[in-house]
Amino acid sequence: DAKTTQPTSMDCAEGRAANLPCNHSTISGNEYVYWYRQIHSQGPQYIIHGLKNNETNEMASLIITEDRKSSTLILPHATLRDTAVYYCIVRPPLGQGGSEKLVFGKGMKLTVNP
Amino acid sequence: DGGITQSPKYLFRKEGQNVTLSCEQNLNHDAMYWYRQDPGQGLRLIYYSQIVNDFQKGDIAEGYSVSREKKESFPLTVTSAQKNPTAFYLCASSITRSSNQPQHFGDGTRLSIL
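Going line by line, the protein sequences match chains H and P. The opening position of the first sequence corresponds to residue 1 in my numbering, with each subsequent residue numbered one higher. The opening position of the second sequence corresponds to residue 1 in my numbering, with each subsequent residue numbered one higher.
Chain H with its partners taken away, still in its complex shape (with noise of 0.2 Å):
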């Protein structure tokens, strides 16, 4: 069972910052959280992941709150090419709850308009 919770759907303009919410209350101390995007009828595709502190790359930027319930994704300068399913996952350790595989719930779709 996904242990994440998502709003369904989100729009935001494009060359505007898109910000894609997840509450995980339920996360342990050592389980990390991915991002995961999906445009139709193409294999996930990972942005970043982290486990307390902030992290950023070349797609996007990661924010965890300090109680770690809940963090927020970050696009910059959204781009129609952006418009996906995005994915927020809790992956716990190795030999813990099947740390192999990736739990994908329902996601949130994210529409980058003109």
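Think of the hints as simulated: they come from the structure by calculation, not from any bench. Predicted model only: the values in this text are computed from it and were never measured. By construction, the Cβ of each residue, glycine as well, lies at the ideal position given by its N, Cα and C atoms. Among the hints, erroneous ones may be present.
Unchecked claim - Pairwise CB distance ranges, derived in the manner of DEER restraints:
| id | chain 1 | residue 1 | chain 2 | residue 2 | range |
| --- | --- | --- | --- | --- | --- |
| 1 | P | Ser80 | H | Pro21 | 34 to 40 Å |
| 2 | H | Asn54 | P | Gln41 | 28 to 34 Å |
| 3 | H | Met59 | P | Ser22 | 25 to 31 Å |
Stated by the list, open to error - The list that follows gives simulated cross-link-like pairs (lysine-lysine, DSSO-like), each with its CA atoms no further than 30 Å apart:
| id | chain 1 | residue 1 | chain 2 | residue 2 |
| --- | --- | --- | --- | --- |
| 4 | H | Lys3 | P | Lys57 |
| 5 | P | Lys9 | H | Lys109 |
| 6 | P | Lys9 | P | Lys71 |
| 7 | P | Lys9 | H | Lys101 |
| 8 | P | Lys83 | P | Lys70 |
| 9 | H | Lys101 | H | Lys69 |
| 10 | H | Lys109 | P | Lys70 |
| 11 | H | Lys3 | H | Lys101 |
| 12 | H | Lys106 | P | Lys57 |
| 13 | P | Lys57 | P | Lys9 |
| 14 | P | Lys57 | P | Lys70 |
| 15 | H | Lys101 | P | Lys70 |
| 16 | H | Lys106 | P | Lys70 |
| 17 | P | Lys83 | P | Lys14 |
| 18 | P | Lys70 | H | Lys3 |
| 19 | H | Lys3 | H | Lys109 |
| 20 | H | Lys106 | P | Lys83 |
| 21 | P | Lys57 | P | Lys71 |
| 22 | H | Lys101 | P | Lys71 |
To be verified - Under 8 Å between C-beta atoms, here's a sample of chain H residues computed to sit facing chain P:
| id | residue |
| --- | --- |
| 23 | Asp11 |
| 24 | Cys12 |
| 25 | Gln42 |
| 26 | Gly43 |
| 27 | Pro93 |
Since the structure of chain H is provided, determine the placement of chain P on it from the hints.
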């Protein structure tokens, strides 16, 4: 470019026929995975392998078989015992199976029954 290549993109199977889906990676990753995605649903793990000549069943291994004779290759055979094989099949790989290592996906193979 380094990446994961799945072939073919579309595959059709006749009743009672076995088919093999190809997955090749040139990322020098130790761990490889096979997932199945049905419309409107999340991914379900079929098999995974953390090292050459070793693999483990996932949540829905019945009706499927795999081999890992080479580090870069992890083919999946959908046997006639799989009664509902129509789905989108995704192959992934990661440096190791540690929860701190992201899984990277190929673009999938869509299997349909004739």
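For each hint, the structure was consulted:
A hinted range of 34 to 40 Å for the beta carbons of Ser80/P and Pro21/H is inconsistent with their spacing of about 45 Å. The hint said 28 to 34 Å for the Cβ distance between Asn54/H and Gln41/P, and at roughly 32 Å that hint holds. Our hint of 25 to 31 Å for Met59/H and Ser22/P holds, since their Cβ atoms are close to 28 Å apart. Of the pairs offered as hints, the one joining Lys3/H and Lys57/P holds, with about 23 Å between alpha carbons and a cut-off of 30 Å not exceeded.
For the suggested pair Lys9/P and Lys109/H, the alpha carbons sit about 24 Å apart, so the restraint of at most 30 Å is met. For the proposed pair Lys9/P and Lys71/P, the alpha carbon gap of about 22 Å is at most 30 Å, so the pair holds. Using a Cα cut-off of 30 Å, the hinted pair Lys9/P and Lys101/H holds, with the two alpha carbons roughly 23 Å apart. With a C-alpha separation of about 29 Å, the suggested pairing of Lys83/P with Lys70/P holds against the 30 Å cut-off.
Annotation: proposed proximity of Lys101/H to Lys69/H holds, straight-line Cα distance about 22 Å (limit 30 Å). Note on Lys109/H and Lys70/P: the hinted pairing is violated, with a Cα-Cα distance of about 38 Å set against a maximum of 30 Å. Between the alpha carbons of Lys3/H and Lys101/H the distance comes to roughly 14 Å, so the proposed pair stays at or under 30 Å and holds. Between the alpha carbons of Lys106/H and Lys57/P the distance comes to roughly 24 Å, so the proposed pair stays at or under 30 Å and holds.
A hinted pair counts as satisfied when its Cα atoms are at most 30 Å apart, and Lys57/P with Lys9/P qualifies at roughly 24 Å. The straight-line distance between the Cα atoms of Lys57/P and Lys70/P is roughly 18 Å, inside the 30 Å bound, and the hint therefore holds. At roughly 22 Å between alpha-carbon atoms, Lys101/H and Lys70/P fall within 30 Å of each other, so this suggested pair holds. Between Lys106/H and Lys70/P the CA atoms are separated by roughly 34 Å; this puts the pair beyond 30 Å, and the hint is violated.
About 12 Å separates the Cα atoms of Lys83/P and Lys14/P, which keeps this hinted pair within 30 Å; it holds. In summary, the hint linking Lys70/P to Lys3/H is not supported, as the alpha carbons are separated by about 35 Å, beyond the 30 Å threshold. With a CA separation close to 18 Å, the supplied pair Lys3/H and Lys109/H stays within the 30 Å bound. Of the supplied pair hints, the one linking Lys106/H and Lys83/P holds, its CA atoms being roughly 25 Å apart against a limit of 30 Å.
Taking the CA atoms of Lys57/P and Lys71/P, the gap is near 18 Å; set against the 30 Å cutoff, the hint holds. The hinted pair formed by Lys101/H and Lys71/P meets the criterion: a straight-line CA distance of about 19 Å does not exceed 30 Å. Among the interface hints, the one on Asp11/H is violated; its C-beta lies about 21 Å from the nearest C-beta in chain P, farther than the 8 Å criterion. Checking Cys12/H against chain P by beta carbon gives a least distance of about 23 Å; that is not within 8 Å, so the hint is violated.
Because the beta carbon of Gln42/H sits about 5 Å from the nearest beta carbon in chain P, less than 8 Å, this interface hint is met. Taken as an interface hint, Gly43/H checks out: its beta carbon lies about 4 Å from the nearest beta carbon of chain P, inside 8 Å. Annotation: interface hint on Pro93/H holds; nearest CB of chain P at approximately 5 Å, less than 8 Å.
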